[in-house]
Amino acid sequence: MEKRLLCLTLLLCAVTVAFIFICPTPALLADENRPYTAFSYAAIDDFLFDRLPGRRALLTLSRDKALFLSQNEFGGAICGKDGYLFSIPQTDVGTLSNNLGFLSAYAAQRGIPLQTVLVPNKAEVQTKNLPRFFTCARPSLWAAAKGGGVGLVDVRPILRAAADGGKYVYYRGDHHLTSLGSFEVYRQLQAPLGYTARRDAHVEVLDADFVGSEARKMLLPGGDRLAIFRFAGDERIYHLDKKGDADAYGVFPGYLCGYTRIENGNARRMLMFCDSFGCALVPHLCRDFDVDMVDLRYAGRETLAKIKETSYDMILAYFGMDTLAGYELFYQLDT
Amino acid sequence: MKVRIVVTLVSPSFFLLFLPFAALLYTAVPVRRRAAAFLFVSVLFSFLAFGGASALILLLVTALTLALSHTRYLAVLPAFCALVMCRLCSFSCGGLSFLFLRAAAYAFYGERKRLSPTDGAIYLMAFPSLWMGPVALLPAFSFSPACDTRRRFDGLVLYAVGFFKKCAFADVLYAAVARTSPPASALGAWTTLSAFCLGLYFDFSGYTDMARGLAEMFGINLPQNFDHPYAARSVSDFFRRWHISFGKLLYTYVYLPLGGSRCGRTRTLLSLFAVWLCSSLWHGTSVCYLLWGAWFFLLSAAEKLVFGGRGIGNVGTLLCVWLGFVFFLCPTPQSAASFFSYLFCLGARPLFLPSDLYHFFRLLPLFLLSFFISRGGLSELTVRLWKTPLLVRYGVAVCLFCVGLCDLLAGGHKPFLYAAF
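Residue numbers (the working numbering), protein chains in the order written: chain W, 2 to 336; chain A, 5 to 425.
Any given hint could turn out to be false.
[As the list claims (entries may be wrong)] When the alpha-carbon atoms are kept at most 25 Å apart in a straight line, the in silico DSS-like pairs for lysine-lysine are as follows:
| id | chain 1 | residue 1 | chain 2 | residue 2 |
| --- | --- | --- | --- | --- |
| 1 | A | Lys391 | W | Lys4 |
| 2 | W | Lys66 | W | Lys82 |
| 3 | W | Lys66 | A | Lys418 |
[To be verified] If you anchor each label on the Cβ, the simulated ranges turn out as follows:
| id | chain 1 | residue 1 | chain 2 | residue 2 | range |
| --- | --- | --- | --- | --- | --- |
| 4 | W | Glu205 | A | Leu395 | 39 to 47 Å |
| 5 | A | Asn225 | W | Leu68 | 39 to 47 Å |
| 6 | A | Gly380 | W | Ala43 | 38 to 46 Å |
| 7 | W | Ser41 | A | Thr386 | 36 to 44 Å |
| 8 | W | Ala15 | A | Leu78 | 41 to 49 Å |
[Stated by the list, open to error] Partner residues aside, some chain W positions facing chain A, computed with beta carbon under 8 Å:
| id | residue |
| --- | --- |
| 9 | Ile45 |
| 10 | Leu59 |
| 11 | Ser63 |
| 12 | Arg133 |
The set of hints was computed from the structure by calculation and includes no laboratory data.
A virtual CB, placed ideally from N, CA and C, is assigned to each residue, including glycine.
Work the whole structure out from these sequences, hints included.
In structure tokens form, the structure reads like this:
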């Protein structure tokens with residue numbers, strides 16, 4: 002009997018390995034919205050794990066175990082109230098200061114007016130949805146941002162007011178602002194950026210079951226509503242062909258892209274340094290500006306050379322606080 | 005320079021590729037060739053786990069130790085010199101400190117000449133214990149290539165138990181340490197320390213179970229290394245239950261030769277001092293390890309001389325031991341001092357912050373469960389498990405392995421803490 006069981010174990014291993022190496026894999030690991038790890042000796046464990054049979058079931062078991070033990074967190078996401086999920090911020094004041102320092106030096110050197118918007122973490126706004134005792138107050142970060150000399154526009158009060166008023170400003174299962182949240186920011190920015198916010202757009206729901214990053218981490222189904230603001234001529238701005246993709250957020254311009262130029266025949270040209278938060282704001286802005294969106298996480302040397310050659314009327318830095326205080330990005334700018 | 009660990013005992017490349025290959029090779033060759041086959045897979049493992057440079061050092065040290073085995077004390081010199089050189093050059097050579105312990109045990113044991121060179125090489129290089137022990141004293145070491153299927157099967161079950169301990173408890177507790185540190189209040193510091201100490205137990209004892217299980221599968225008998233240390237009633241009792249093989253080695257080759265407790269108080273103190281000095285230097289040359297050794301020397305000395313060998317109770321022992329582990333948790337004396345100031349609210353440190361309450365309450369069930377198991381709460385169940393029918397044992401092992409695997413998949417593998425020594 003022992004011999005049979007040992008043989009069975011070896012057979013299981015052999016079948017698993019055969020499955021991993023032989024079975025074809027789709028382009029994306031759907032649960033995590035990322036490509037499968039390619040085979041290499043250095044990353045062989047990741048290669049094997051990505052293709053492990055029953056991967057999703059095993060991860061679900063791990064999540065259920067964590068939640069059963071009341072750990073309240075899984076895969077880097079925190080369970081809040083009313084279905085809200087929060088991301089775990091990993092930020093550092095020094096990183097934020099470095100980024101802001103490089104940014105202000107760059108704007109000063111080129112003589113272009115600079116405005117900066119840092120979108121707060123959802124946990125700083127949707128406080129009533131936080132789990133018991135959890136707080137995300139980061140006064141030192143915000144003090145550093147205010148003292149950074151980058152023309153900070155503080156959008157926390159309007160977002161808090163909107164959230165407290167029951168508005169759907171953040172997705173439940175994602176860290177991004179909804180289109181409505183981005184519209185609130187757009188309204189707030191009209192004075193600093195010098196335009197009049199337009200209210201002629203209508204809202205169209207593209208996906209009633211949008212699965213955000215935190216929902217993916219928690220292996221939960223979607224349940225968020227992904228909507229966009231529609232206005233005349235917006236087909237050139239949104240990527241509507243992507244609305245059926247695994248990550249529907251791709252309908253917004255500039256998502257996961259280092260450089261995106263949006264030309265709309267406007268008199269003013271804006272250089273917008275942003276992360277994915279910028280994607281939901283830029284459709285509004287491009288009605289008054291021709292915009293060059295640069296996401297420094299994906300931008301290459303060509304992008305940096307291109308923006309160096311172009312003249313701009315304004316620079317807008319629009320980031321989630323967690324991005325700018327979590328990653329060194331602006332050192333890439335040649336000042 | 006850091007060694008990049010590629011294959012560990014919990015890597016999928018280990019249990020899906022290396023282990024089946026090793027088991028098949030070992031089974032396929034005739035019994036008289038199994039020692040050579042086992043040595044081959046052990047050398048292969050050292051290259052896969054530690055990289056070329058470290059593996060070559062390990063091989064060279066093993067060869068020199070065996071070549072010098074006719075001289076009692078010279079045989080330990082290659083391992084000692086390699087260890088000192090690596091420490092001085094800050095070169096992290098995986099497995100070297102444990103190889104040094106085995107070389108010392110091999111060199112000092114008078115009957116070593118009875119081992120054939122192949123058995124000697126297996127003793128020094130066996131892949132299950134290559135990385136973090138346990139170190140068998142030579143009389144307890146045996147290698148029987150013709151081991152029966154039942155023994156191999158039991159080895160597999162033990163490996164699954166160790167895998168479960170490491171992935172389902174140690175890694176989850178280490179993740180809690182990362183989430184709660186650096187602490188900002190007394191409650192935060194105690195939460196971090198509890199997670200670290202419980203994680204350390206599951207990490208090391210999980211590794212030991214895996215190593216013992218794998219060794220069983222290849223016909224090697226390795227000693228038990230943990231005996232529910234958090235149930236100890238005195239500091240001496242704790243170290244009789246924690247990293248037992250290392251403690252026995254120090255007791256046999258340092259404490260007893262220096263007189264132990266039979267030659268008066270001064271000699272007892274001297275012997276204890278030597279034991280803790282050796283122990284802390286073996287862990288590393290940083291000041292924190294020396295402070296760790298000094299702390300436990302003081303506690304052991306006080307226990308022997310002031311309390312007359314009587315224990316200070318389970319709670320007192322745990323408190324003393326966990327406070328000692330602060331020196332493992334913190335990389336520098338300054339950070340350790342800061343950690344202590346948080347633990348005891350010194351220098352106007354707050355008692356608790358709301359975020360600490362959040363972590364404390366969310367981790368409390370995990371702490372209670374870990375603490376219950378680490379104190380031997382399931383030992384009766386474990387004893388019963390070994391008496392259950394094969395199929396039940398196999399089913400339990402598969403379940404434990406799957407639970408461990410799902411946590412490994414979700415959280416990623418955290419390195420074994422003792423691998424850094």
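These are the hints, each one checked on the structure:
1. This hinted pair checks out: Lys391 (chain A) and Lys4 (chain W) have alpha carbons roughly 18 Å apart, not beyond 25 Å.
2. Proximity of Lys66 (chain W) to Lys82 (chain W) is assessed by CA-CA distance (about 19 Å); at most 25 Å being required, the pair is judged to hold.
3. Taking the CA atoms of Lys66 (chain W) and Lys418 (chain A), the gap is about 19 Å. The hint holds against a cut of 25 Å.
4. For Glu205 (chain W) paired with Leu395 (chain A), a C-beta distance near 59 Å fails the hint of 39 to 47 Å.
5. For Asn225 (chain A) paired with Leu68 (chain W), a C-beta distance near 41 Å keeps the hint of 39 to 47 Å intact.
6. For Gly380 (chain A) and Ala43 (chain W), the Cβ-Cβ distance of about 41 Å falls inside the hinted range of 38 to 46 Å, so the restraint holds.
7. Checking the proposed 36 to 44 Å range against Ser41 (chain W) and Thr386 (chain A) shows it holds: the Cβ atoms sit about 40 Å from each other.
8. In this structure, Ala15 (chain W) and Leu78 (chain A) meet the distance hint of 41 to 49 Å, their C-beta atoms being roughly 47 Å apart.
9. Taking 8 Å as the C-beta contact cut-off toward chain A, the hint placing Ile45 (chain W) at the interface holds, the least distance being around 5 Å.
10. Contact between Leu59 (chain W) and chain A, as hinted, is supported at the beta carbon level, the nearest pair being about 4 Å apart and thus within 8 Å.
11. The restraint placing Ser63 (chain W) at the interface with chain A holds, with a minimum CB-CB distance near 4 Å, inside the 8 Å limit.
12. A least Cβ separation of about 7 Å between Arg133 (chain W) and chain A falls short of the 8 Å threshold, and the interface hint therefore holds.
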